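Student: Sequence order for the protein chains is A and B. Under this note's numbering, the first residue of the first sequence carries the number 1, and numbering increases by one thereafter. Under this note's numbering, the first residue of the second sequence carries the number 1, and numbering increases by one thereafter.
Calculated directly from the structure, the hints in this document are not laboratory data. Because the structure is a prediction, the values reported are computed rather than measured. Ideal Cβ positions, reconstructed from N, Cα and C, are used throughout, including at glycine. Fair warning: there could be bad hints in the mix.
Unchecked claim - What follows is a list of derived Cβ distance ranges for each label pair: (1) Gly338/B x Arg83/A: 27 to 33 Å; (2) Lys97/A x Asn271/B: 22 to 28 Å; (3) Arg348/B x Ala62/A: 57 to 63 Å; (4) Lys288/B x Asn96/A: 35 to 41 Å; (5) Glu243/B x Gln46/A: 31 to 37 Å; (6) Ala62/A x Arg324/B: 50 to 56 Å; (7) Tyr381/B x Gln46/A: 19 to 25 Å; (8) Thr80/A x Gly338/B: 43 to 49 Å; (9) Thr53/A x Asp247/B: 52 to 58 Å; (10) Lys331/B x Ser137/A: 53 to 59 Å.
What the hints assert, rightly or not - To spell it out: a stretch of chain A is covered by chain B in this simulated footprint if at least three of its residues, at any positions, have a beta carbon under 8 Å from a beta carbon of chain B; those stretches are: (11) 77 to 87; (12) 154 to 164.
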Amino acid sequence: MFKKIKELGVMVFKKLLKSSLLVLVTALLMTACATKTKTTKKIEAQIAGDVFTGAETVKYLATGVPDRVFFATNKSVLTTKARDTLRKQAAWLRKNKSINVTVEGHADERGTREYNLALGERRANAAKDYLMTYGISGNRISVISYGKERPVNSGSSPLAWSQNRRSVTVKAN
Amino acid sequence: MKKKLFLFTLIIIFFAKNSFALIEIDITRGNLNPLPIAVSPLHIDSKSSEVFNEMDIGSEISKVVEINLLRSGLFNPLEKDSFVQSPDIAHVKPRFEDWKLIKAQALITGKIKITSEKIRIEFRLWDVLAAKEIMALAFTTVPSNWRRIAHIISDKVYKRLTGEDGYFDSRIIYVSEEGPKTQRIKKLAIMDQDGANTKYLTLGNELVLTPRFSPTNQMVTYLSYFKNLPRVYLLDIETGVQEIVGDFPGMTFAPRFSPDGKKIIMSFAKNGNSDIFTMNLETREVEKITEHPSIDTSPSYSPDGKYITFNSDRSGVQQIYVMRNDGSDVKRITFGNGIYGTPVWSPRGDLIAFTKMYRGAFYIGVMRTDGSGERLLTENYYQEAPSWSPNGRVLIFYRETKSGSQGEGFSATLWSIDLTGYNERLIETITDASDPSWSSLLTK
Numbered sequence: 001m002f003k004k005i006k007e008l009g010v011m012v013f014k015k016l017l018k019s020s021l022l023v024l025v026t027a028l029l030m031t032a033c034a035t036k037t038k039t040t041k042k043i044e045a046q047i048a049g050d051v052f053t054g055a056e057t058v059k060y061l062a063t064g065v066p067d068r069v070f071f072a073t074n075k076s077v078l079t080t081k082a083r084d085t086l087r088k089q090a091a092w093l094r095k096n097k098s099i100n101v102t103v104e105g106h107a108d109e110r111g112t113r114e115y116n117l118a119l120g121e122r123r124a125n126a127a128k129d130y131l132m133t134y135g136i137s138g139n140r141i142s143v144i145s146y147g148k149e150r151p152v153n154s155g156s157s158p159l160a161w162s163q164n165r166r167s168v169t170v171k172a173n
Numbered sequence: 001m002k003k004k005l006f007l008f009t010l011i012i013i014f015f016a017k018n019s020f021a022l023i024e025i026d027i028t029r030g031n032l033n034p035l036p037i038a039v040s041p042l043h044i045d046s047k048s049s050e051v052f053n054e055m056d057i058g059s060e061i062s063k064v065v066e067i068n069l070l071r072s073g074l075f076n077p078l079e080k081d082s083f084v085q086s087p088d089i090a091h092v093k094p095r096f097e098d099w100k101l102i103k104a105q106a107l108i109t110g111k112i113k114i115t116s117e118k119i120r121i122e123f124r125l126w127d128v129l130a131a132k133e134i135m136a137l138a139f140t141t142v143p144s145n146w147r148r149i150a151h152i153i154s155d156k157v158y159k160r161l162t163g164e165d166g167y168f169d170s171r172i173i174y175v176s177e178e179g180p181k182t183q184r185i186k187k188l189a190i191m192d193q194d195g196a197n198t199k200y201l202t203l204g205n206e207l208v209l210t211p212r213f214s215p216t217n218q219m220v221t222y223l224s225y226f227k228n229l230p231r232v233y234l235l236d237i238e239t240g241v242q243e244i245v246g247d248f249p250g251m252t253f254a255p256r257f258s259p260d261g262k263k264i265i266m267s268f269a270k271n272g273n274s275d276i277f278t279m280n281l282e283t284r285e286v287e288k289i290t291e292h293p294s295i296d297t298s299p300s301y302s303p304d305g306k307y308i309t310f311n312s313d314r315s316g317v318q319q320i321y322v323m324r325n326d327g328s329d330v331k332r333i334t335f336g337n338g339i340y341g342t343p344v345w346s347p348r349g350d351l352i353a354f355t356k357m358y359r360g361a362f363y364i365g366v367m368r369t370d371g372s373g374e375r376l377l378t379e380n381y382y383q384e385a386p387s388w389s390p391n392g393r394v395l396i397f398y399r400e401t402k403s404g405s406q407g408e409g410f411s412a413t414l415w416s417i418d419l420t421g422y423n424e425r426l427i428e429t430i431t432d433a434s435d436p437s438w439s440s441l442l443t444k
């Protein structure tokens, strides 16, 4: 998306040069491009390969145990960081045997509603399966998909979407 | 919805015998020259009008008819200021020269009479250029049904002049939306096709999505998060009685009726895999239709019930497939650039409407049932979920706007567009709205 904006900027820039318009206009455009790049970099620092890596929106089940993991667009593959988070959750669940959890699966708003319900279910199960491989009984974990119905960030930006593509582990009792 | 005494009789006064249709509208292409039509206010005698507390019911009916015809994009209702003949006289015998002068090619006149708590509405359709009557009908019903009569008149006129069934006497069920994006409150709502008579069918206590009408009109199937268990439900909109569909150990979603109304087809998600199932509403028999580790969802039957179209990501991304109704002979039909979803089979059987996502934009399009002849009708930031008008000429869908970082500027609205790609229109709703589903005609 931002690449596209940059490309567009370059295209407009070239066109302006060709038509040899006022230098003032091009100068203004260049500063506009420069500020764009700055914000892009700031966001890029929080998104790696389409997956949110920041701490914003994250809550904690206990100290040092984040409640959520993030996914790439249309994917339910667990990243290294997601697996790390889920292992912490599994360790915490092993210590707190009386606690059951629900894993909520979510999608961003850029997909059709019904498909996103299925995608959310797939993401929640990816997290559940990983918790199970670390010794947590499937009986203690229920899943629910909200599709794109419960975003945590109500913006329409790549950053907001990356925060919304998530599975969240919540205490069920 | 409250149960209405709804009996109305239809009396055909007479049809002009084998008259040639001199005025005719070709609706197979985008209509850039809508037919000029004069809708004279229906005449009502002073004694009858007392029943409506001085509301000019004759004008109200003609307004509803006019708006229907105008919104179809095929007619151009003329300004009433230019009408020179009074409604009662025009209804008996129009002075065609006068109507020709204001460039009307067709004329609708009518008369209302109320006797013993029944309303009798009579209307005539005249061909101005040929100077003759081409249709005359009368209806008797309870006065509160006057809007429906206006829609039925619109359908009769549409059919007489286009040769195809209309879609005005129909309703739309949709999801009413309120509140911030992060905690959206959603309710099932139903309204007439023209946006009048909105009624809410749920209270908003639980999330509800994707309502769809049964071809029999009494029942609706939808997804509800009642008790935080997302399941497909069946709702009788006349009695308000609802029940869960089947006993699945997990989320069921994306429901639709079979064309005969006897089955519900839907997706069931388990262990990260969504497959398509049907449940027979009479025998309660459940049948698994697809079995594939991918996401199979958004199923829709062909009108003869023999085929099912659905979307699946078995190829890697969401694409549209067609299979036999038993799940055999699965064929992928979309191969274009982009992602394809929400296929819906046209009531005429020849087309499938869909949502396409391509380079960050969303399109509503139609294609033949083998995937050929793709036509994109409209492009927008976000839009999806087309639903066909009962005559298969118009699609209704919902659109969402881009929002700012705090969710500001967000809206969800209903839109309609002709199959031709022309005549895109906002359908006004009281609240934000999504997931529209068009009923079939209430009277055939």
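Student: Would you mind marking each hint as holding or not holding in the structure?
Tutor: Here is how each hint holds up against the structure:
1. Take Gly338/B and Arg83/A: their Cβ atoms lie about 32 Å apart, and the range 27 to 33 Å holds.
2. Between Lys97/A and Asn271/B the C-beta distance comes to about 24 Å, which sits within the given range of 22 to 28 Å.
3. At about 59 Å, the CB distance of Arg348/B to Ala62/A agrees with the hint of 57 to 63 Å.
4. A hinted range of 35 to 41 Å for the beta carbons of Lys288/B and Asn96/A is consistent with their spacing of about 38 Å.
5. Taken as a hint, the range 31 to 37 Å is violated for the pair Glu243/B and Gln46/A, whose Cβ atoms sit roughly 46 Å apart.
6. Checked against the hint of 50 to 56 Å, the C-beta distance between Ala62/A and Arg324/B comes to roughly 53 Å, which is consistent with it.
7. Hint check: Tyr381/B to Gln46/A, Cβ distance near 24 Å, so the stated range 19 to 25 Å holds.
8. For Thr80/A and Gly338/B, the hinted distance range of 43 to 49 Å is not satisfied, since their beta carbons lie about 31 Å from each other.
9. The given range of 52 to 58 Å is broken by Thr53/A and Asp247/B, whose C-beta atoms sit roughly 42 Å from each other.
10. About 42 Å separates the C-beta atoms of Lys331/B and Ser137/A, a value inconsistent with the hinted range of 53 to 59 Å.
11. For the stretch 77 to 87 of chain A, the proposed coverage by chain B is not satisfied: 0 residues have a C-beta within less than 8 Å of a C-beta in that chain, short of the threshold of three.
12. For the stretch 154 to 164 of chain A, the stated coverage by chain B holds: 5 residues have a C-beta nearer than 8 Å to a C-beta of that chain, and at least 3 were required.
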